[in-house]
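Top to bottom, those sequences are chains Y and G. Our numbering puts the last residue of the first sequence at 153; the count rises by one with no breaks. Our numbering puts the last residue of the second sequence at 359; the count rises by one with no breaks.
Rather than coming from a laboratory, the hints here were simulated on the basis of the structure. Glycine is no exception: its CB is placed at the ideal position from the N, C-alpha and C atoms. There may be inaccurate statements among the hints.
Simulated restraints, written as ranges between beta carbons of each label pair [stated by the list, open to error]: (1) G:Asn51 - Y:Asp122: 41 to 47 angstroms; (2) G:Asn51 - Y:Asp93: 29 to 35 angstroms; (3) Y:Asp65 - G:Thr49: 19 to 25 angstroms; (4) G:Asn179 - Y:Asn151: 34 to 40 angstroms; (5) G:Leu299 - Y:Asn86: 50 to 56 angstroms; (6) Y:Leu111 - G:Thr259: 30 to 36 angstroms; (7) G:Lys235 - Y:Trp149: 47 to 53 angstroms; (8) G:Leu252 - Y:Asn86: 42 to 48 angstroms.
Selected chain G positions facing chain Y (in silico; Cβ < 10 angstroms) [what the hints assert, rightly or not]: (9) Gln15; (10) Gln150; (11) Tyr151; (12) Gln234; (13) Arg267; (14) Lys280; (15) Leu283; (16) Ser285.
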Amino acid sequence: MKQTGKTCGCVLGLGLILVCTGARAQDVMVVANKGMSASQISSSELRDIFTGVRSRLGDGTRAVPVILKGGPAHEVFLNNYIGESPDEFRTRWRKAVFTGQGAMLKEFASEAALLDYVAATPNSLGYVSRVSREDGVKVLTVWKNSR
Amino acid sequence: MLRRTVLPLLVCMCTIRLLAQDLENIQIHGFATQGFLFSSNNNYLSMKSSTGSLQWTEGAISVSDPVTDNLRVGIQLHMYQMGDFGGPNIQVDWASGDYKFSDRLGFRAGKIKTPLGLFNDSQDVDSLFLWILLPQAMYPVDNRGFDLAELGGEAYGSFALARRGGSVQYRGHVGGNALDSNGGYAEQLAEAGLVFRNPPGGKIFGGDLRWMTPWHGLMLGSSVLSQALDGTAPAGAVHLAPSATIAYYAQWQKGNLYLAGEYWRTPIDPLLTIGPATVPLPLDQRDWYAMASYRVSKKLDLGSYYSHYMNKAMDTTLPANYSKDVVVSGRYDFNPYFYGKVEGHFLRGTGLGYYASVNSDGLKPNSNMLAARIGFSF
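From just these sequences and the hints, can you work out the full model?
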């Protein structure tokens, strides 16, 4: 009986790991500078900040978004949280630049470079596919809301 | 001696470091395009398009600098040559300082882009669009030098509406502008015998309100613009009392599908004085278009639109008082920076885009046109 319980626990645990891994493979982590007071962000806030509609979080903290130049994490982030393809996203910011209404977001060629920047730059906000404690950034929980 | 050498060196090093930090934030972007037009009958947009014309080159470069968290300054220089229009001279497209107090309120001042409808402020940035020519009823490419920007200021901002109401963006602006001496309106006035030493100008003000609805991808909006114009030439004068254009628009994007439409109305009564004669030019422009496009793959976009212009103040059975354009278009992005476009136009009526200087034998009521354009943007 005890053995069966252990086996069930193992199977459940393995299942959970597989489910989590599956979810992670299609998602990214939103990371922020450790000085940022917020520990979570709503999906609409995140979208507004990365599309330039707003520059502050709900608690009034300034947020400076930074992005990856390309790659799977970039595509997943834009698809899951912004609802745009990389081309649409680039066009949106080009419009802001060429009409004098905004400046391009800072881009990074690698996740490591983005993490270094976010760790060192107050108020910065970005995304990566994986993060470790040594990276020195804060992972924000994104909660889904809709307007 | 040591102090003499070290101190200036330290100051110099600090200055270089500060300068480097400042320069690090400066952004430089630009674009360049080359167009081609080939039309079956009339010559379009002052180009000799009936024999095929490459006389359409554009380029721009913008520099901007976030001076502080809230203040950004920038300038964009633009050059275009399209048939008789534009020229080698570089023009200031926009140059402004932008101070943002909060997301709800910011101010921009200098030479600023004029918001009107969906695309007025961005219509000269070819890389943003699938289309080579936007609906000419609203966004005449030959008059961008006048329609696009003004010297003045604007307040702007956005705020979320309560309880899943979406969000609203607003812009209110006031300023002045003047006709582009090398643009379409100046050419039309010259055809009427009025050549101005100083281009006619006037006050302009208006606003734009757009609602990002809670239904993801659907945006509804409206703009209003008041424009006045006065100018005196050796042979006469032009006068336009403040007149309003009202625009309503909608845009919806779902996945790879994009739909948009606009309706504009511009009832104006410009008055030309040519010698002793006063010539009223009654205009009641009713313009609308409907467009649809689909992103077939990451690199290929296809779409179509119908654009409709009618001057209801005149006899609408005459081709000179209407323009109807059915358009099919394709765009291929070779990479994120370089693209090519091809577009077919089936033009009915001669109310827009035709000039006597290149159509001395008169105009045929209908014309078909093939347009192509390549460009890069960084």
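If you check each hint against the structure, which ones fail?
Numbers 1, 4, 6, 7, 8, 9, 11, 13, 15, 16, in rising order.
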